[in-house]
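Here is what each chain is made of, one letter per residue.
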Amino acid sequence: MRTMLAITLVAGGCTIGWKEYVTDGLLPNGDEPVTVFSEPAHAHGVLLSVSGLDVTVWDGGEKIADWFSLYPLPPFIPLPNHSWDEPGQVHVWLTFRPHRGGWSLSPGRSSLRVGRAPEMPASIWRGRYREGARLEFPKQSAEETMALDGPTDIVMEFAASSPLMETAELQLDGVVLEGHAVRFPAIGLRPRYRMSYDSIP
Amino acid sequence: MRSVVIASLASSACVAPLQLSSGLAVSGGSVNPILEATARMQEPVWIDRPQHEALWLGPTGSVELSPSDQKAFVGAELLRSRLRNPRSPQRTFDAFWIRPEIGWSSSTSGLQFYGGSVGIMRLVRGVPLTVAARGGSFRSGPDAGFYGTLTVGVVLSSPLYWMQ
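Chains as they are written, first to last, in our numbering: chain A, 349 to 549; chain B, 5 to 168.
To be clear, the hints were calculated from the coordinates, so they are not data collected in a lab. Ideal Cβ placement from N, Cα and C applies to all residues, glycine included. Hints are supplied without guarantee of correctness; some may be wrong.
Covered by chain B, per the in silico footprint, the following chain A stretches (three or more residues, Cβ under 8 angstroms) [claimed, not checked]: (1) 450-462; (2) 525-531.
Selected chain A positions facing chain B (in silico; Cβ < 8 angstroms) [stated by the list, open to error]: (3) Thr363; (4) Lys367; (5) Gly408; (6) Gly409; (7) Pro428; (8) Trp441; (9) Ile472; (10) Gly536; (11) Pro539; (12) Tyr541; (13) Tyr545.
Working from the sequences, and respecting the hints, build out all of it.
This is the structure we're talking about:
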């Protein structure tokens, strides 16, 4: 009995919880992908692959509220993220892993379609190299073109209100190999909300 | 294994929305003030994402304190939530629930109460407030016969908890 009580006290000593808004990637046929990624952020991502280039479309998640409690107090202190008091736009995270040279990307050519609304191009994007120089890019005009010289993360922003109210369709265009455009199939982005918990210790 | 399950339940309960309320209890012609705490552990069973509406189902537990005794109630709650304009300062939130319950009283032994409760939750100046009523009957003890309560309270959580 004492052991059980001690374990309960330790587990509930300090509990935190948070709620996130995420968009799960869907395969071109609308099916959910089988999770093959070890990184939690990529768990619901989609891998697009052509000879010499892998592209992961994933969602970084957006925290909307936190909960915190100290045992034996109940779950006081809800902390809504103040960003949810402001309108937001849709963000899509992409990771490019080239396996040969000659790749480039024009993020502004990618587009998002939400429901029956017309396609909208990426308005801005920002990114960084994941390895090598680790250069941080500020927000760029969507018209900019970048060389994909190594593993690269970028975030595209679309002028659609977030959270999405239904599944959207992302068309990744503007990927070029030595002057030749490479077209990828459109993939779905499905909104979802998730609660996560953790205890300290 | 049982310890892990208990610890997990305790951790989960710590981040579930907790409702604190006060009001009056009516039984046997007498009226008494009460304080009540209710914990919920819900999961959505139906979601209308474009409208941010959902139907939730899950167990609840309530502890009620009065000058004369303490009571405990457990039940299964069905809660309908509706959030509007979630990403703006003008967000609104409404919910209502229905909950069949059984209960115990510290003044008698054994299962004593059969009944249920209903309530509504509404966002007022960003705070989820509740109005709830419970009705049922105690089989024996000082509250034997009809037992009813009317309470107003607050939910210690963000309305974004119910966002779907």
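Quick rundown of the hints versus the structure:
1. For the stretch 450-462 of chain A, the stated coverage by chain B is violated: 0 residues have a C-beta nearer than 8 angstroms to a C-beta of that chain, whereas at least 3 were required.
2. Under the rule that three or more residues need a Cβ within less than 8 angstroms of chain B, the assignment of the stretch 525-531 of chain A is violated, with 0 such residues.
3. For Thr363(A), the interface hint holds, the least distance from its beta-carbon to any beta-carbon of chain B being 4 angstroms, beneath 8 angstroms.
4. Because the smallest distance between the Cβ of Lys367(A) and any Cβ of chain B comes to about 6 angstroms, under 8 angstroms, the interface hint for this residue holds.
5. A distance limit of 8 angstroms between C-beta atoms decides the matter here; for Gly408(A) the minimum to chain B is near 17 angstroms, and the interface restraint is violated.
6. The interface hint given for Gly409(A) is broken, as the beta carbon of that residue sits about 14 angstroms from the closest beta carbon of chain B, more than 8 angstroms.
7. Restraint check, Pro428(A) versus chain B: the minimum CB separation of about 5 angstroms is within 8 angstroms; hint holds.
8. Below 8 angstroms, beta-carbon pairs count as interface contacts, and Trp441(A) has none with chain B, the closest being about 19 angstroms; its hint is therefore violated.
9. The interface hint given for Ile472(A) is broken, as the beta carbon of that residue sits about 19 angstroms from the closest beta carbon of chain B, more than 8 angstroms.
10. Hint on Gly536(A) is violated. Least Cβ distance to chain B is approximately 14 angstroms, over the 8 angstroms limit.
11. Taking 8 angstroms as the C-beta contact cut-off toward chain B, the hint placing Pro539(A) at the interface holds, the least distance being around 6 angstroms.
12. Annotation: Tyr541(A) was flagged as interfacial toward chain B, and the flag holds, the nearest CB pair being 6 angstroms apart, inside 8 angstroms.
13. The closest approach between the C-beta of Tyr545(A) and any C-beta of chain B is roughly 6 angstroms, which is under the 8 angstroms cut-off, so the hint is satisfied.
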